[in-house]
Amino acid sequence: MEGIDASTITRILDKAEEYVEKNRQVDKKSKSLTGRTLINLFFENSTRTRTSFELAGKRLGMDVINISAQASSISKGETLLDTAMTLNAMQADAIVVRHPSAGAVQLIAEKTNAHIINAGDGAHEHPTQALLDALTIRRKLGKLEGLKVAICGDIANSRVARSNIYLLKTMGAEVTLVAPPTLMPTGVAGFGVKHTIDMRAGLKDVDVVMMLRIQHERMAGRGIASVRDYFHSYGLDRTKLSFAKDNALIMHPGPMNRGVEIDTDVADDISRSAILDQVEMGVAARQAVLELLLGS
Amino acid sequence: MEGIDASTITRILDKAEEYVEKNRQVDKKSKSLTGRTLINLFFENSTRTRTSFELAGKRLGMDVINISAQASSISKGETLLDTAMTLNAMQADAIVVRHPSAGAVQLIAEKTNAHIINAGDGAHEHPTQALLDALTIRRKLGKLEGLKVAICGDIANSRVARSNIYLLKTMGAEVTLVAPPTLMPTGVAGFGVKHTIDMRAGLKDVDVVMMLRIQHERMAGRGIASVRDYFHSYGLDRTKLSFAKDNALIMHPGPMNRGVEIDTDVADDISRSAILDQVEMGVAARQAVLELLLGS
Amino acid sequence: MEGIDASTITRILDKAEEYVEKNRQVDKKSKSLTGRTLINLFFENSTRTRTSFELAGKRLGMDVINISAQASSISKGETLLDTAMTLNAMQADAIVVRHPSAGAVQLIAEKTNAHIINAGDGAHEHPTQALLDALTIRRKLGKLEGLKVAICGDIANSRVARSNIYLLKTMGAEVTLVAPPTLMPTGVAGFGVKHTIDMRAGLKDVDVVMMLRIQHERMAGRGIASVRDYFHSYGLDRTKLSFAKDNALIMHPGPMNRGVEIDTDVADDISRSAILDQVEMGVAARQAVLELLLGS
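Protein sequence lines, in the order shown, are assigned to chains V, G and R. Numbering of the first sequence is given in my numbering, commencing with residue 1 and proceeding in unit increments. Numbering of the second sequence is given in my numbering, commencing with residue 297 and proceeding in unit increments. Numbering of the third sequence is given in my numbering, commencing with residue 593 and proceeding in unit increments.
In isolation and in its complexed conformation, chain V is listed as follows (with noise of 0.2 angstroms):
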């Protein structure tokens, strides 16, 4: 998302609310890339963005390989380049790369002339999550310009906070980032953002509380006793929502850690959680992402 201008954002999203529709049709099919070769090159799980991009790609009318780091040839000791111009060789069309690496999948993208498109690298960004998290604020609250929006959690080792911090920007949405200080990134005062330890002064006032997955192992070590102690300070319950506004959105990435970062309570209510709304409109800023890029 770095460097996305807003007009570009918007014709995505603008895109994407023409899926939306179609995706609830009983037929869900379109035949707009019919013929085309999308890979989900995966060298990390995660069934929920693969499915999402295999939905993407198949309603449009691709033809979707799956391939993922286990079974792959990186197991025989191929480098990732080679992987990717094999594939490349094999004449995709996009190739949808999720790597542990920051910057693995740019690299691809100049060794290759399909068209890459990044689903996760390392901590450093996962636009189409972001893409999809703007869709669903607009859909729900009408625009994003002017919106308050706390991103909560780990910060630091969040590429879903990194590349929702460039698009809010971008679209004109003042951010503030929620962490311990163990959790927030070194260099946090260049990002242009605000940035607060305290989560009930951070989610003062916001529109949009979105939280973030936090992973237990990332804990030790980082100043954070327990699961507990954190819930207590950064995990969102309707004491700290309260703080928000009335009607203020509650969105997660997903998968949820239930009682660790959110509780069960506010991810299930149904007049303020936006969590299954993002899941849906994943599969529709996809298809946009993969109709703009491909399309005629």
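None of these hints come from the bench; they were simulated from the model. The structure displayed is predicted, hence computed values, not measured ones. Be a bit skeptical, because a hint or two may be false.
A partial selection of chain R residues facing chain V, derived with a Cβ cut-off under 8 angstroms [claimed, not checked]:
hint, residue
1, Asn-615
2, Thr-643
3, Ser-644
4, Lys-732
5, Lys-735
6, Met-848
7, Gly-851
From the three backbone atoms N, C-alpha and C, an ideal C-beta is built for every residue, glycine too.
Following the hints, position chains G and R against chain V.
Then chains G and R, alone, in the frame of chain V:
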């Protein structure tokens, strides 16, 4: 199958007949469910059942997505219901679920609006197996009503047995369960079927012998000394089979443990064994279920 | 490839040419095999070959199912033939099989009526690799007859070498095998080809240098002291390549071990290396095989 009435079963079997014929053509594809989404969500491995549903969906024109537990978000701590509701939010029209726990599929069905199809839940039910078995019998013997059917093996742990008992009783067949005492379910007296620990007595004059797969690991501590002992008492061989009617059908849901619950000579008897017919009928039966649930 | 005559090979290569062109179009899809079922049954991992067959099938309009050994009933003790006959009973039109044991694919072919395609069986054959190699050479050099081809590396364990030897001899090429004594097959004298342990001598004036992948784990105890020693004697680098003809093609079936059997500088030489062409030709060659086996 519990609670499914005879007319519904007959309607499914009649519809399945159409697909048996269609699947024998060069072009096996119909378009009745084009543009619908089928998700195979398997928390236990099963090549046979997963492939059967995948083919059923694809041959009806559906977009089919496979998700296996290993690759799923479950391994990231997400709850079963969150996984299911996520897939539901992607506008899955049908989700086929296999799960090691009895009742898990019902739980999902209550929380989603997709059609949920049980592909086996713990030791509870495996309804499409019963349907394909019924289709196989009806095609081979012309009817279900009045037939004598023996179900033999690990009844206590078998969802296949349970679903077949419900269906066969509903359709007017007479069922006899055959198992060693340790593998006979408690409460069998209330099942409304005959039962015996003597396989020869149980096979006396039956029209159909349904063998069940025995799990090696379940033998230990159940009073079964060895595979050899089990085969001696409960493995289907020529001698025991001779107690059944001359043309009795031999059935097995697969995968077979040859030399454990069934003798190779009997399994491969092309004049009697319906084991590969069962596999063929499986695809057609699942197409019928999908078509009747989702079709116009 | 053993026993396949020159006219059959030529017919496959000619048909493949059509798909090379088709795959370079925006819409790569043809409908010649619509409604047919292709099953990829892989008992060894192979991203490259599995993906190539999957794309070949899908681009011809087939429904394609992937089965990997880990997920298969094999792990439940089912025999290889029972697995194959089960898939056959589901009306598979073609089953693509990769198996670690030589002869396994033939065994399956004898017991099923689906078309069985060998995607590599042990150290025996990998016929579609030989076909794609031939297609690559014929397109680059205009012919096969009369060419001098060196095949270098672990000949003893290579199904790729074996299939290429059969095909190249049949088509009138002159083959030289290059390998260290411990990786030269016993009985090489009866192969009807030249052989040498001196790579420079083996590459003298050849038109094509086919490198083979070396399995690290096979080096130990074979008199090969280290990767460095192997590369020194048998790795393809500029110096050794200089013994071949000026425009000699560089080939490798992939995945490559850069710095082991091939130098990066040589592998990436766009004026000489046909390695990515081989990948591209792989899809087309497999489409040709499917079309000729299953088409009307």
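A quick look at each hint next to the structure:
Of the supplied interface hints, the one on Asn-615 of chain R holds, with its beta-carbon coming within about 5 angstroms of a beta-carbon of chain V, less than 8 angstroms. At about 6 angstroms, the closest approach between the beta carbon of Thr-643 of chain R and any beta carbon in chain V falls short of 8 angstroms, and the interface hint on this residue holds. Using the Cβ-Cβ criterion of 8 angstroms, the hint placing Ser-644 of chain R at the interface with chain V is satisfied: the shortest such distance is roughly 6 angstroms. At a threshold of 8 angstroms, the smallest CB-CB gap from Lys-732 of chain R to chain V is about 15 angstroms, leaving the interface hint violated.
The closest approach between the C-beta of Lys-735 of chain R and any C-beta of chain V is roughly 23 angstroms, which is over the 8 angstroms cut-off, so the hint fails. The beta carbon of Met-848 of chain R comes within 6 angstroms of a beta carbon in chain V, closer than 8 angstroms, and the hint placing it at the interface holds. Of the supplied interface hints, the one on Gly-851 of chain R is violated, with its beta-carbon coming no nearer than about 10 angstroms to a beta-carbon of chain V, more than 8 angstroms.
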